[in-house]
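Place chain B on chain A using the hints.
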Amino acid sequence: GESVGLHLPTLSVQEGDNSIINCAYSNSASDYFIWYKQESGKGPQFIIDIRSNMDKRQGQRVTVLLNKTVKHLSLQIAATQPGDSAVYFCAENTGANSKLTFGKGITLSVRP
Amino acid sequence: NAGVMQNPRHLVRRRGQEARLRCSPMKGHSHVYWYRQLPEEGLKFMVYLQKENIIDESGMPKERFSAEFPKEGPSILRIQQVVRGDSAAYFCASSPKTGVYEQYFGPGTRLTVT
Chain A
1 GESVGLHLPT LSVQEGDNSI INCAYSNSAS DYFIWYKQES GKGPQFIIDI RSNMDKRQGQ
61 RVTVLLNKTV KHLSLQIAAT QPGDSAVYFC AENTGANSKL TFGKGITLSV RP
Chain B
113 NAGVMQNPRH LVRRRGQEAR LRCSPMKGHS HVYWYRQLPE EGLKFMVYLQ KENIIDESGM
173 PKERFSAEFP KEGPSILRIQ QVVRGDSAAY FCASSPKTGV YEQYFGPGTR LTVT
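Heads up: the sequence lines are chains A and B, in that order.
Numbering follows our numbering, in which position 27 of the first sequence is assigned residue number 27; successive positions increment by one, without gaps.
Counting from 1 along the second sequence, just add 112 to a position and that's the residue number in our numbering.
Hints should not be assumed to be uniformly reliable.
Unchecked claim - Okay, the calculated beta carbon distance ranges per label pair:
id: 1; chain 1: B; residue 1: Pro173; chain 2: A; residue 2: Glu15; range: 42 to 50 Å
id: 2; chain 1: B; residue 1: Arg176; chain 2: A; residue 2: Lys104; range: 23 to 31 Å
id: 3; chain 1: B; residue 1: Lys209; chain 2: A; residue 2: Ser52; range: 17 to 25 Å
id: 4; chain 1: A; residue 1: Ala79; chain 2: B; residue 2: Leu150; range: 14 to 22 Å
id: 5; chain 1: B; residue 1: Glu130; chain 2: A; residue 2: Gly83; range: 36 to 44 Å
id: 6; chain 1: B; residue 1: Tyr213; chain 2: A; residue 2: Glu39; range: 18 to 26 Å
Said to hold, decoys possible - With a straight-line cut-off of 25 Å between C-alpha atoms, the simulated DSS-like cross-links for lysine-lysine are:
id: 7; chain 1: A; residue 1: Lys56; chain 2: A; residue 2: Lys68
id: 8; chain 1: B; residue 1: Lys174; chain 2: B; residue 2: Lys139
id: 9; chain 1: A; residue 1: Lys42; chain 2: A; residue 2: Lys104
id: 10; chain 1: B; residue 1: Lys209; chain 2: B; residue 2: Lys139
id: 11; chain 1: A; residue 1: Lys68; chain 2: A; residue 2: Lys104
id: 12; chain 1: A; residue 1: Lys42; chain 2: B; residue 2: Lys183
id: 13; chain 1: B; residue 1: Lys156; chain 2: A; residue 2: Lys68
id: 14; chain 1: A; residue 1: Lys56; chain 2: A; residue 2: Lys104
id: 15; chain 1: A; residue 1: Lys56; chain 2: B; residue 2: Lys174
id: 16; chain 1: B; residue 1: Lys156; chain 2: A; residue 2: Lys71
id: 17; chain 1: A; residue 1: Lys104; chain 2: B; residue 2: Lys156
id: 18; chain 1: A; residue 1: Lys71; chain 2: A; residue 2: Lys56
id: 19; chain 1: B; residue 1: Lys139; chain 2: B; residue 2: Lys183
id: 20; chain 1: B; residue 1: Lys183; chain 2: B; residue 2: Lys209
id: 21; chain 1: B; residue 1: Lys139; chain 2: B; residue 2: Lys163
Simulated from the structure, these hints should not be mistaken for lab results.
Remember, predicted model here, so these are calculated numbers, not experimental data.
Cβ coordinates follow ideal geometry from the N, Cα and C atoms, glycine included.
This is chain A alone, in the form it adopts within the complex (with noise of 0.2 Å):
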């Protein structure tokens, strides 16, 4: 039969809880790293980013790690609401031009 194609990684997460979402990177060259979410039918948000001489920064309910050793970048969500339901993308600033290459997108389901 015909494929249906990929289906994304969903984390569930329960209203009120912290969310945890990772990400894997390439390119041991990145300096700069982006989290969007994008819901359905629009295009990506920019949510929080991070230069590669740091390894933490801190938004409004949102923190990103970054680990340079292993190249591994995470999102965390604090007090987890309906309205973050969305596929969540990081990507990285691989080259001069500054054009972004994007990770596969994982899915944020929050339970009521």
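Quick look at chain B alone, frame taken from chain A:
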């Protein structure tokens, strides 16, 4: 303070027709990026333009696809002789300058080729 604007939001074309997608960057932004997204996949870089210049087109298919960002007016992504495999969401992003600055995305154009 309008964000990145794209039109049309939805575009249906028959195989062999041409598709033109438009992107107006945020006010004050002179750098435009085009990305393509297939269903349930991440975005893939296509091309990076500044006013009147193509800076990086390493993600553009070699045939049928072209992009421009004229001195006046929006950036245009043009797909000639569309095929079903071109069906995807096409997103435009803009930034104020190159380097490590965040890119702001538009709502996308969803192209369907029948």
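Hints, one by one, checked against the model:
no., hint, in the structure
1, B:Pro173 / A:Glu15: 42 to 50 Å, "holds, 43 Å"
2, B:Arg176 / A:Lys104: 23 to 31 Å, "holds, 26 Å"
3, B:Lys209 / A:Ser52: 17 to 25 Å, "holds, 19 Å"
4, A:Ala79 / B:Leu150: 14 to 22 Å, "violated, 33 Å"
5, B:Glu130 / A:Gly83: 36 to 44 Å, "holds, 39 Å"
6, B:Tyr213 / A:Glu39: 18 to 26 Å, "holds, 23 Å"
7, A:Lys56 / A:Lys68, "holds, 11 Å"
8, B:Lys174 / B:Lys139, "violated, 31 Å"
9, A:Lys42 / A:Lys104, "holds, 17 Å"
10, B:Lys209 / B:Lys139, "holds, 12 Å"
11, A:Lys68 / A:Lys104, "holds, 19 Å"
12, A:Lys42 / B:Lys183, "violated, 28 Å"
13, B:Lys156 / A:Lys68, "holds, 23 Å"
14, A:Lys56 / A:Lys104, "holds, 22 Å"
15, A:Lys56 / B:Lys174, "violated, 40 Å"
16, B:Lys156 / A:Lys71, "holds, 20 Å"
17, A:Lys104 / B:Lys156, "holds, 10 Å"
18, A:Lys71 / A:Lys56, "holds, 14 Å"
19, B:Lys139 / B:Lys183, "holds, 14 Å"
20, B:Lys183 / B:Lys209, "holds, 16 Å"
21, B:Lys139 / B:Lys163, "holds, 13 Å"
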